[in-house]
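Residue numbers (our numbering), protein chains in the order written: chain F, 1 to 416; chain E, 1001 to 1993.
Check the hints yourself; a few may be wrong.
As the list claims (entries may be wrong) - Pairs of lysine-lysine, BS3-like flavour, derived with a Cα cap of 30 Å:
#, chain 1, residue 1, chain 2, residue 2
1, F, 225, E, 1428
2, E, 1877, E, 1740
3, E, 1509, F, 2
Simulated from the structure, these hints should not be mistaken for laboratory data.
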Amino acid sequence: MKFSFASVLSNALGGNAAWPAQWRSPEPKASYDAVIVGAGGHGLATAYYMAKERGLTNVAVIEKGWLGGGNTGRNTTIIRSNYLWEESEAIYEHAMGLWQELSTELNYNVMYSARGVMMLAHDRHDVETFKRHVHANRLAGIDNEWISAGEAKAFCPPLDVSPTLRFPVVGAALQRCGGVARHDAVAWGYARAASAMGVDIVQNCAVTGIRRDPSGAVAGVETSKGFIGAKKVGVVAAGHTSTVMAMAGVRMPLESYPLQALVSEPVKPFMPCVVMSNKIHAYMSQSDKGELVIGAGTDAYTSYSQRGALHISEHTLEAICELFPAVRRLRMLRNWGGIVDVTPDRSPIIGRTPVAGLFVNCGWGTGGFKATPGSGHVFAHTLATGEPHPIAAPFSLDRFRTGRLIDEAAAAAVAH
Amino acid sequence: MTAGRSFRLASGGLVARDAPLRFSFDGADYEGLAGDTLASALLANGVRLAGRSFKYHRPRGIVAAGSEEPNALVELGAVGRREPDTRATTAELFDGLSARSQNRWPSLRFDAMAVNSLFAPLLGAGFYYKTFMWPASFWERLYEPLIRRAAGLGRIAEARDPDRYETVHDHCDVLVVGAGPAGIAAALAAARAGAKTILVEEDFVAGGRLVADRREIDGVGGAEFARAAQAELAGLPNARVLVRTALFGAYDHGEYGAVERVTDHLADPPPFAVRQRLRRIFAKRCIVAAGAIERPLPFGDNDRPGVMLAGAVRAYLNRYAVTPGTRAVVFADNDDAARTLADLALAGVEVAAHVDPRPGAAARLTAASGVATRAIEGVVTRALGRLAVTGAASVDAAGAAWRVDCDLIAVSGGWTPSAHLTTHLGGKPAWREDIGAFAPGALPPGMAVAGAAAGDFGLADALTGGWAAGARAAQDLGFAPPPPREPKVDPDAPARASTLRVHPGARGKVFVDLQNDVTTGDVALARREGFRRPEHLKRYTTLGMATDQGKTSGPLGLAELAALEGREVSDLAPTTWRPPFTPVAIGALAGAHVGPDLQPTRLPPAHAVAVEMGAVFVPAGPWLRAQYYPQGAESGWLEAADAEVRAVRAAAGVCDVSTLGKFEVAGADAAAFLDFAFANPVGALAPGRVRYGLLLRDDGMAMDDGTVARLAPHRFVVTSSSVGGPAAHLHFDFQRQARKPDLDVRIENVTSQWAQFSVAGPRARDAIARVLDPAFDVSDAAFPYLAAGEARLAGGEPARLFRLSYSGERAYEIATPAQWGAGLFRALVAACEELGGRAYGLEALNVMRIEKGHVAGSEIDGRTTPRDLGLDKFVAKKKDFVGRAMLSRPTLLDPARPSLVGLRSVEPDARIVAGAHLLAEGAPFDARHDLGHVTTFGHSPTLGRWIALALVKDGAARIGTRLRAVEPLRGHDALCEVVAPAQFDPEGSRLHG
Ligand SMILES: Cc1cc2nc3c(=O)[nH]c(=O)nc-3n(C[C@H](O)[C@H](O)[C@H](O)COP(=O)(O)OP(=O)(O)OC[C@H]3O[C@@H](n4cnc5c(N)ncnc54)[C@H](O)[C@@H]3O)c2cc1C
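Excised from the complex, chain F in its bound form (with noise of 0.2 Å):
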């Protein structure tokens, strides 16, 4: 059924009974054309735009929980492409075209809200820094602006600029095509015009191998549900990319760590914008309930427990209140933590592996939400054809032996 508002209006008079099954929960099938491994917003729109772009739709997504249950529905869902490399400035540009239309390709309101992605320069070595980026991003024709103190308070009218803090705004780089997306609804929508084209999404299965053919090839995955068979595996599973690749035998350059977010008790519009300082580590923006969304760092240990240190949070908390003093008396609602992979030049893997039909989408780490579109979409061209997609040719596991990295570490310190 389509949505739109005609929809929801008659289903309304039908007193709501006439709705279908957003998607099919299938068992899964003997084998598969693709197994894409975790249903994850990434793992979801590959299977989408291999269904709808390469006409494949005999593939599943496996999950080990339910779909969406991953990070894809644990992050603070900031969008932005003003990263410093042309690589990365590529292929995160590319989700940000695919944003910009997502309700109308999904017919689901994703909630893509450019809202503008401010993030804050606090001393000399930043402005510098952030300088550098504005005319990186300038150079490659990416939205990104140098705004004063004052500008930025007018942007931000909450936001505390006053010289005497202890680390005073001295100026911000906007990107006012940045801004945020309701995470679930990503992963909801993806999996409902998936479903509807064919593609299996099996819920409640785990991976727990994989098996490979006498030549070394893959030739499916054995789940908690049995065996099913493929001859293309996609690994799409975030924080547990590694223990999953090393069913493989294969071994990523990966650090999982617990990463925090939190949010406050659902307020009235309080702040239009989202604000982020790496300097002091916190990040902020109003979800369209009214809560306020809070990140912080990722936990110093790695751990694959989906919590973190208090102190974490309290850290964090203190860099919210520089910014933002008139927080103090909000009250924190939930805090929670998703397990992050980590590459050692926070760019993500996308691409071949040295087995032969294993293809690996990861290391999105603490910035992959806003990715997803244009990551599912490289990956598929990737799965479909076993070629790297141009922009995702760069993003190979390769890189780390060949040194060809694509260091993202200066803006990815607390990089959403």
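The hints should help you fit chain E with the ligand onto chain F, whose structure is shown.
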């Protein structure tokens, strides 16, 4: 309307009748008593309408008597102290309290937004995902702003919160959460055994259900028992009872987060008192005795003001001596109803009917409690009334419909253990058939549960279970356990939680989640659309995501979903509870780390001298450093820095470099360790010598640089950059602990123990000689370039001297313990001035290092290799060191990689700025033509133009060519000449001059 009349009982309760308190709600003045919450005081005044709901703006009343309250959220305070979303049921009354209702316009009784109810069929679960998509641009401009304005409950403060918060760290053997009967017993057992015990209670009174119900323990009233226990614990040296302290989270390694409300309940907080205190409690054992939460029942319009949890009704009657209504209907499906009936009757509240669906139960319980009322075997189908309950419609087993007039419906679907804290570390609740509820499942190490939280709902079980848990915890920790106790209490009625469904004859909306306005219709719709897992249901409908985190709605939603799915509730997994258990003020979590105390501002020992000299400071990491020292008519940084550079190049200057990271490295293997930690061979250094030191990361990228001096065969002093000090410290420690654990080496960070100054210029030796013990020989023969050694100042104070140069001039770095730093700096400034020089700051230092092509943080940005920076000559060929393996990756050796060059402006006045990008002359400003960027810049009075360092593709090959440095933001576009990094005195002849 009932307001104006008092609903306070003539006697009883834990309220102080001799301490009346004035308060206001929505501008109307009322009176309450000390011991009241805002909720009980409102009820005492007959105020039953307390708020409006989130989506439909339905009128709402008070449902609960504790932190599970979903409805009665109010705004307290004003301006900077304005505090939204506060539960009236936990806000302790004080004289002058002023509260306002939220999310209504123009008034609470008449809320125009209530028209939303008319559109309810359109506004079902997830409606916004299905519409507002066309045209795309309307989302942000029209639809979203509308949604946003409608959403959100309260209003955030208007200004900085003037109150203070603090964080403390507590350590104990046994932490007991909840001072109900189980918690009190546990704390008594642990404390009497000698364990260091902390008992925390979120309420302002200890006792839990003991103060809400009429109970007796060994012949003593429940409240009295609690009071006596609290007094006993308070008298023990090893125990503490913290009331008004909510334990909100369990964390790894036995850490628990709690927040104590210190002055929220005071009309006039003492000056200097903190408002709230975050307690990070580290406990060897934790006993969760957090009680249970009563479940509401589903029926039509079950959200009307006057529908209240039965346990809350009893709490208002017994603890606050307030009658929440005059004529009540009790609707319950468990035997706990007997207490409710008895308490209502005792308080003189007329019980109009007792409704219970279980065969024979209503009649049996009514008879047992001796309350004269109509017993109906059936269910309530709908609450009547709008702004307040006026009656209950019900259907009995025979299918007959009843209408009973009443202003209070006391409901109970049984109790669910409060298992939240047991799940924060990943534990999953487990279904307990005997109580019909999820109870704590596998527990994290060191945690136990007792009482109702463990699913033991009876008072006797709570006391014995709590006692046993406390004794076991103490025994585990080596304390002799106290003897078991068998208290005498009146027997309890089992209160198994129900999965009662909505009666088919129900009319009106049936609410599952009151605060987020989620109805059974929404649950059905979500399920129909495939959101069949509790987590999906939660996200699609927002069930359980309100500020009460689904404390009362969770079980109801799960039961509804299970019924629709045709499954048992036990087959479903409840959604994960996240910390915090109850919302915690952000200010409390930030604690005292606000304003200037956000992070310490580090000041070098001679800071005060620089202040006296009128220096202008600049932040550098945590440090405040002198940027320049303006003199006479010098009007700004440019003039001052120019003069400072000239002074150094012509005579002598002194710069405070105390901020450098400083490390003492000692031990038999110190040389071997440093050889591994640094990329260049520093271990081979002879005693009495100092050398440049380069640190790499594991991936071969430059990490920091500094110096290594060998003072004795087994003793080195190492410096790092100022901002990089903490990272260098971590790096050294990590390498020592993880990579070289067998080496005999110790590393001490002595950054703040030593003051250090650089003295540079042709007259530097004369300057340094003036402050040193005259016996110390600073002749070039005795103390040549790169010498290092221990010395004494003229007054005999210890010092260290290094002959190092950053500026390219003859230079010395002299260090002395921090307490003599200011004096030494003063002496050095005087010495330099006498010789025609002066102090110089960071700006001049930077200009001189650019003139010399020395790299710093702006070039060592984590993306550059030694080769890129022209430092490969330092990298050792033979030894192993951190970063060695990765350094030789093919791409890193590509000569086309951006590498370090110097730049100078062709036009003397054309400013080159940092961050500018470099393009060939005539090339368009786009990514394809981008050749690199300017890392740092300054004005060189020596060369008479603007100079810079840059990282440029094919750097070496471009030396001698011209490039444009373009900074479009401010329109800078400077033509510059590419030169070797060292633009000034490339041969280094001045080092010895
Ligand atoms: C707190 C937090 C805040 C963040 N904030 C932002 C932000 O503001 N902006 C931004 O752009 N990014 C942000 N991110 C990062 C972003 O969430 C992720 O990069 C992105 O969502 C990853 O998507 P994914 O689909 O790859 O991963 P996921 O959504 O995690 O999907 C991976 C899926 O694989 C499944 N899986 C794992 N192992 C197996 C197995 N063996 N078998 C079957 N299935 C398996 C998992 O269950 C999971 O559902 C944040 C992350 C966190 C944790």
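Task: Ascending list of hint numbers which this structure does not respect - done: The structure breaks none of the hints.
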